[in-house]
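*Asks:* Residue-level listing of the chains:
Protein chains: 2
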Amino acid sequence: MTATAEQFTARHRETLDRALEAIRERAFWTPYPEMPKAYGEEAATTGKASYDAYLGGPFPLVQPGTDELVGGETSPYGVELGVTYPHPDLDVLLPAMRAAMPQWRDAGPDVRATVLIEALGRLNARTTEIAHAVHHTSGQAFGMAFQAGGPHAQDRGLEAVAYAYAAQTAQVAAAEWEKPQGPKPALRMTKRFTAVPRGIGLVIGCNTFPTWNSYPGLFASLATGNAVVVKPHPNAILPLAITVAVLRDTLSAAGFDPNLVALAAEKPGESLAKVLATRPEVRVIDYTGSTEFGEWLERNAPQAVVYTEKAGINTVIIDSVEDYKGMLGNLAFSFSLYSGQMCTTPQNIFIPRDGITAGGEHKSFDDVATDLATSVDKLLGDDTRANALLGAVCNTGVSERLKKAESVGKTVLASRTVTNSDYPTAEVRTPLIAAIDTTDTDIYTAEWFGPISFLIATDTTDSAINTFRETVTTHGAITAAVYSTDDTVIAKTEEAALDAGVNLSVNLTGGVYVNQSAAFSDFHATGANPAANSALSDLAYVANRFRVVQSRRHI
Amino acid sequence: MTATAEQFTARHRETLDRALEAIRERAFWTPYPEMPKAYGEEAATTGKASYDAYLGGPFPLVQPGTDELVGGETSPYGVELGVTYPHPDLDVLLPAMRAAMPQWRDAGPDVRATVLIEALGRLNARTTEIAHAVHHTSGQAFGMAFQAGGPHAQDRGLEAVAYAYAAQTAQVAAAEWEKPQGPKPALRMTKRFTAVPRGIGLVIGCNTFPTWNSYPGLFASLATGNAVVVKPHPNAILPLAITVAVLRDTLSAAGFDPNLVALAAEKPGESLAKVLATRPEVRVIDYTGSTEFGEWLERNAPQAVVYTEKAGINTVIIDSVEDYKGMLGNLAFSFSLYSGQMCTTPQNIFIPRDGITAGGEHKSFDDVATDLATSVDKLLGDDTRANALLGAVCNTGVSERLKKAESVGKTVLASRTVTNSDYPTAEVRTPLIAAIDTTDTDIYTAEWFGPISFLIATDTTDSAINTFRETVTTHGAITAAVYSTDDTVIAKTEEAALDAGVNLSVNLTGGVYVNQSAAFSDFHATGANPAANSALSDLAYVANRFRVVQSRRHI
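So the protein lines, in turn, are chains A and B.
The numbering of the first sequence is my numbering, which starts it at -16 and goes up by one.
The numbering of the second sequence is my numbering, which starts it at -16 and goes up by one.
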């Protein structure tokens, strides 16, 4: 081990131990502050300058087997980034990555974990720079890009490092074994147990959360001794290029081969994810995106362990509520945040057709619909505030679905276009809310990704719970919520959530939203329904990224 | 929880805790004695009587959806068992099994683990009876059937229960989460985390080790809340029928639905394993057997998590040795045990063509070959002892391969047929040893399941290590061994074993054999090479058999 690696190990041992405690105890914890002011005024200036310096030129990343430079990201805010990135000749890059692995394997779980925590700390120090990159590739408003793209993504990375460490150290590294033989001398052996990586991990990034959805797989695979090739979404390369560069620098500083991590940017129409996913060197795959490609990966990469997060139909059941205003405000925020372009945004809102009891008063189905629409309108009435919440639509699919949704059921709230004075060409859209009926299954059993929510009239809360159980079992969901003042209804919904395998939020009326999950405490997705085959993060997410190989001999 | 379940939980907590310590510390431990005398004279008599009572009639097992009785096991010792078993109508049986699951899920990991430890204790008490059933279905000699089919299988079952418990309790069951909000009141929530099962587990048993290879998957799936349908090999049903009956009785006694476990015996030509493996209710599959069907399962059951143990080419490298006689005796025993019908039996023995140094003397390649042949001959010279070691050939494939091997390379030791005076029709065969060359890759890169070993002449030990690394990486292996007095050679072989992902035994010359692995200490297989995609047992073997579902609400 180099002196620098030793330094990292000593410096970050405490953070690792605290993270190990956090994943067990699941109380609130984070080492990475989420408020920009914690990073100081200077960071805001230098971070912006660092981001600006990337624009219009080749990204500073030197990798083996680079055969040309590719790029072409256009910000949802209308800016052409003009950055180019190395495109790999895989027959050169992948062997170079494999060659880097034995030293990393032999370093062991402690060194790997602490070197990666050093890298996360360096990423944290560059949060502002990364925030601008996330903002201009995903279309997230800057405030959200800062939190979700920076500290919250770093949290998820550290969480994965902690789980990987816990799984690899679930048994001692060496043991003495002594088996009694009656009157004869005991049989005695020493045994060594070594965590070995599977091979090269492939992380396929998404457009909407380039860092948040990539860091868990990236750090989990690295922490378990694998090399990782990162294939970003063609329109969200920069945040992951910065990430790869920071990791390569950190690995080099610690005396490891930087080729343990590489970026694989693609040419238009190249389908590089498919090419990489079926390479024999690739033995672990992490993917966030469409159900179609997720299922393709699950079926067509048998040489790899495949972790996917796909589409789902997130569901809310409204039965009754004490704090009606709190519920309306909470849901309005959830519908609006990042224009509903989160895998966690609620889509299907079941409401009894005879209405609900709210704060002791009766509210008809139409009352609730109108009040929800009014809440969204109020929340987004001011354009500055609307822009700060909505961000920008990141692809034309969202706009097309909004158009299509106009003719679905009865429009309770039409989507309007908000002006962004800084970026006049950005498409900023408020949520569309439509009222439909529980018989309109064709509509609400599909995912309408974007700011589109359906208020679904049901006969009773019981029938809503049954439909929830069935639709989530069949079509999947990342999130679910229930509002009820009746413990029996809550218990029934919890039972249905266990059956359907979806995480449930109960009576959210304050500053916690169903579309948010906190690392070290909330599991993101469950892996128990079709929306995802894994969760961020748990033991199942890390334990099969490595294998244990033993050597035994007599003492 | 019933009073009986409470009793089980209190009674077995200590065993569970001790098992949890054992899987971490990996020193010697077992709660199930392996010597028949520990079970007493009476157990021997009553166990035999219980076994005899099954013969020639319907097995006492009442399950939902039984549409006819099937059977037809013939012992490799020539006895027709004449036992019949329930054949399932899956459209009745599987729904009944699913209906049993919510109560089992809600009981939680502690109750599930201790109820299963109770079942293991009951199986342990019936070891003699199970030993006769294993003996007469696998063809294992009685002594081996007793140990491997009884206590060693029970050990592996308990080990899986311990891992399952550890994985499910990796986080608290409930947490309070409090996030500071600067000057505003903190956000406070309670969160509950529930382990939920995947669905119905399918365990596909094998002919040679009906209990040992089935118990890990069976107990791991049950301990994580799943129901399990056991599909035995058509010629090794009885040991698993007894197991299923004991589990059903134990579950009933504890107040659970016995349909959490069911036997699925098949009609000739029905391919019931394929039918079951593709049922949507089946979400976990455990399989031991051919590479062909294992790969079919890995590719054709995308709705399930699939754990397979397949074929491999187990390898020994002989470089040099201090205790030459010890090595010869150790290898002779390994070749002979259960006629080489173990997935762990060494097949490819690499020896430098210029010979080796043994106890300070030079031994030519031919010397080693002759001495190995002599050792096997001596070990099996007495027919009673030979029968006790060899058992009987369990299917005609083994006999056919022995015939084919006669014309491979230079026969160093021919296989002879041993008379079994108790069972004159049993086919009992001693090992065949053939000398070939390292250029004969077509021969030694295939698995020759049975008592067939190749002594492969190599240019140098280094080239043997390289061939070992390459062939195991490509074709897989469950075991590997090296003999060397040179630390550099051992280190190089260990490095190759890490690269190829196979467990290594170094310089075995005494009472530990390469084909044996001890539960709680040795991992069986690694999951890191094509011979198996998982190991018995580790966290990866259990962590994806369940998922965690959370529910959160404000305090």
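No wet-lab data here; the hints were simulated from the structure.
Do not take every clue at face value.
Copies of the same chain look alike in the list, so a pair counts if it fits in one copy or across any two.
Stated by the list, open to error - Within a straight-line C-alpha distance of at most 25 Å, the following computed SDA-like cross-link-like pairs (lysine to any residue) qualify:
#1 Lys257 / Arg282
#2 Lys257 / Gln286
#3 Lys257 / Asn283
#4 Lys257 / Val289
#5 Lys20 / Lys167
#6 Lys167 / Pro14
#7 Lys31 / Thr408
#8 Lys475 / Gly126
#9 Lys167 / Asn498
#10 Lys167 / Asp354
#11 Lys308 / Pro168
#12 Lys475 / Met(-16)
Note that the structure is a prediction, hence the values are computed from the model and not measured.
*Asks:* Are any of the numbered hints broken by this structure? If so, which, sorted upward?
*Replies:* The structure conflicts with hints 8, 10, although it agrees with all the remaining ones.
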